[in-house]
Amino acid sequence: MRLKRRHESGAIIPTASMADIAFLLIVFFMVTITFEKDKTQVALPKTELRYEVPKEAAYISVTDQGQIRVTTGEEMSTPVDPEDVVTFAANLVASFPGRPVVLKADDQVAYRNVDKVIDSLKQAKVETIYLLSEQKTVDAAGDGGGGG
Amino acid sequence: MTLLATAAGEDSRVKIRVNRPSDEIPTSSMADIAFLLIVYFMVTTTFAATRGLDFNLPKDDDTPPIVEKEDAVLIDIQPDGSLIVDRKLMALNEILEYLEPKLKNNPKKPVIIKPQPEAPYGMMVAVFDVLRQGKDTLKLEKDINVSLPTQREIESFWF
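Chains as they are written, first to last, in our numbering: chain W, 1 to 148; chain G, 1001 to 1159.
Only chain G is shown next, with the shape it has when bound in the complex (with noise of 0.2 angstroms):
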């Protein structure tokens, strides 16, 4: 007590230190907590392809959207994988072209995909992916009319 009133009384330069608690958030784990959190969230995120074609299926299955056989355009996917498009055989980039005069003349013309049981999947998708590019690339007023029926229909309303 008698130094703090000498110093406060004579010399300014001596400084009296007092042990006080800091009054500072101790906020040095923060950053060891947050990035716990960043492991656990970026172990358990998985970027999943969560991007795809939609598919509109008809609205009611007892009436069945009625196609002419002969009106439309029959893509036949073999088992492997090549396209027979109206009796003729095609690869996937020369669909368009062949559809374009045919879709020109009739935009409503239906264009039904028929995969054999033992055709790849991959392929079905690849040329529904390029049928459904035709609005663009064409320069369509709509989307080409697809339809995918299912082995049951085909049998049921086909033969």
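One chain only, chain W, in its complex shape (with noise of 0.2 angstroms):
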């Protein structure tokens, strides 16, 4: 006996909604972006308290090396010699008043060179600086305390 044909539904997948997820997607990223002007590697200190930077902000950046760059966060940072970050600092008071500077300094580095970048910020009286870290747990936070 012959049986008749059924109606088979074809195998489609439903892609009418992936542009509306991928298009979801987008505006995420573009929101969440953000041109780092500042792309040198530190391995930052730990802090438990972290708050926001401002995202108009100068960056400074200190590594291990103590080798130091700079940007105002308008242009893509450039290498300067510690004694020129004052100079620096006083066209950056003069050019953006009252923008904060964001020390991403490393975490092993000896404090001489970031003593010379903070007394430098402090000659050219920039208000605020945030120096940049990375979230500490708690857990941590026991047997981080140095000392000893």
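Check before you lean on any hint, since a few could be wrong.
Pairs of lysine-lysine, PhoX-like flavour, derived with a Cα cap of 25 angstroms [to be verified]:
| hint | chain 1 | residue 1 | chain 2 | residue 2 |
| --- | --- | --- | --- | --- |
| 1 | G | K1142 | W | K46 |
| 2 | W | K136 | W | K55 |
| 3 | G | K1142 | G | K1114 |
| 4 | W | K46 | G | K1104 |
| 5 | W | K46 | G | K1135 |
| 6 | W | K125 | G | K1139 |
| 7 | W | K136 | G | K1135 |
| 8 | W | K136 | G | K1142 |
| 9 | W | K46 | G | K1139 |
| 10 | G | K1108 | W | K136 |
| 11 | G | K1142 | W | K39 |
| 12 | W | K125 | G | K1114 |
Among the chain W residues that face chain G by a calculated CB cut under 7 angstroms, a handful are [what the hints assert, rightly or not]:
| hint | residue |
| --- | --- |
| 13 | L24 |
| 14 | E56 |
| 15 | V93 |
| 16 | F96 |
| 17 | Q108 |
| 18 | Y111 |
| 19 | D119 |
No lab work stands behind these hints, which were simulated from the structure alone. Cβ atoms here follow ideal geometry from the backbone N, Cα and C, with glycine treated the same way.
Fit the two chains together into the complex; they arrive one by one in their own frames, and the hints show the way.
Listed below in structure tokens is the structure:
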């Protein structure tokens, strides 16, 4: 006996919403994107307290070797001599009054390198600096406290 | 034309196909374009560490806050990362305990962080982090008065 051919539903993947999902993701990435002006890789110190750094900020990075790179936040960062940080800071304060400076220094760098930078910023009368850090977990807080 | 006429007149089951351009918007490539953009943004995006501790520098360098050396608590950070608080060796988590009675007595008591030139920067940040938490931990009314003199300031005002 010959059976009637059943009506088969075609194997169609519903792709109509695909574009919607994709555009949603696009919007997310567009909102979160920040074109980093300073791409220096440093091992940041870890802190429990962390506050959001304003988007409009100048960056000064200090590597573990004590090399310094600066950017006003308008252009890509450029390497400078430690002695020239004060000139950079003075120009920054003149061009963008009130702009905070984000200090992105390596965890292990000798403090004198950072000291020189902070001193330059103080001389240039920069108002606020941010010490960039990574999140420290509470568990690490107990044994993280050096000393001894 | 004759077929159409008979179809309409006699048998309604006969269907005539007419090739008409589709009135749908071709959206099948939309997802491709969108995913291309996603990939671009994913590659270029960097979840940058954009958080840290803020630190207000003195408003005017000409009149630095006069901190009496004897009044203040001095936290000396050694090159090996150990802490000497008022000439006593102390661990990071003992600082607030030590400061509590002093701050209850005088909430404005200045705390000076003085890292040695060869001390690791991370230790200074760790101490600063602890002091910033002091307000909440010790339930103080105001933030601990932390000052971070630079080497130049120490040389010109203290000695």
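Each hint tested on the structure:
Among the hinted pairs, G:K1142 with W:K46 is consistent with the structure: their alpha-carbon atoms are about 24 angstroms apart, no more than 25 angstroms. Annotation: proposed proximity of W:K136 to W:K55 holds, straight-line Cα distance about 22 angstroms (limit 25 angstroms). Distance hint between G:K1142 and G:K1114 is fulfilled; the C-alpha atoms sit about 22 angstroms from each other, no more than 25 angstroms. Restraint check: the Cα-Cα separation between W:K46 and G:K1104 comes to about 28 angstroms, which exceeds 25 angstroms; the hinted pair is violated.
Straight-line distance between C-alpha atoms of W:K46 and G:K1135 comes to about 19 angstroms, which keeps the hinted pair within the 25 angstroms bound. For the hint linking W:K125 to G:K1139, the alpha-carbon distance of about 32 angstroms lies beyond 25 angstroms, and the restraint is violated. For the given pair, W:K136 sits about 19 angstroms from G:K1135 by alpha-carbon distance, which is consistent with the 25 angstroms threshold. Of the pairs offered as hints, the one joining W:K136 and G:K1142 holds, with about 24 angstroms between alpha carbons and a cut-off of 25 angstroms not exceeded.
For the hint linking W:K46 to G:K1139, the alpha-carbon distance of about 23 angstroms falls within 25 angstroms, and the restraint holds. A hinted pair counts as satisfied when its Cα atoms are at most 25 angstroms apart, and G:K1108 with W:K136 does not qualify at roughly 28 angstroms. A distance of roughly 37 angstroms separates the Cα atoms of G:K1142 and W:K39; the hinted pair therefore is violated under the 25 angstroms criterion. For a cut-off of 25 angstroms, the pair hint linking W:K125 to G:K1114 stands: about 21 angstroms separates their Cα positions.
The interface hint given for W:L24 is broken, as the beta carbon of that residue sits about 9 angstroms from the closest beta carbon of chain G, more than 7 angstroms. The criterion of a C-beta within 7 angstroms of any C-beta in chain G is not met by W:E56, whose closest approach is roughly 12 angstroms, and the hint is violated. This hint is violated: W:V93 has a C-beta 11 angstroms from the nearest C-beta of chain G, more than the 7 angstroms allowed. Here the hint on W:F96 is broken, as its CB sits about 16 angstroms from the closest CB of chain G, past 7 angstroms.
About 5 angstroms separates the beta-carbon of W:Q108 from the nearest beta-carbon of chain G, less than 7 angstroms, and the hint is met. Taking 7 angstroms as the C-beta cut-off, the interface hint given for W:Y111 holds, the closest approach to chain G being about 4 angstroms. The interface hint given for W:D119 holds, since its Cβ lies 4 angstroms from the closest Cβ of chain G, which is under the 7 angstroms cut-off.
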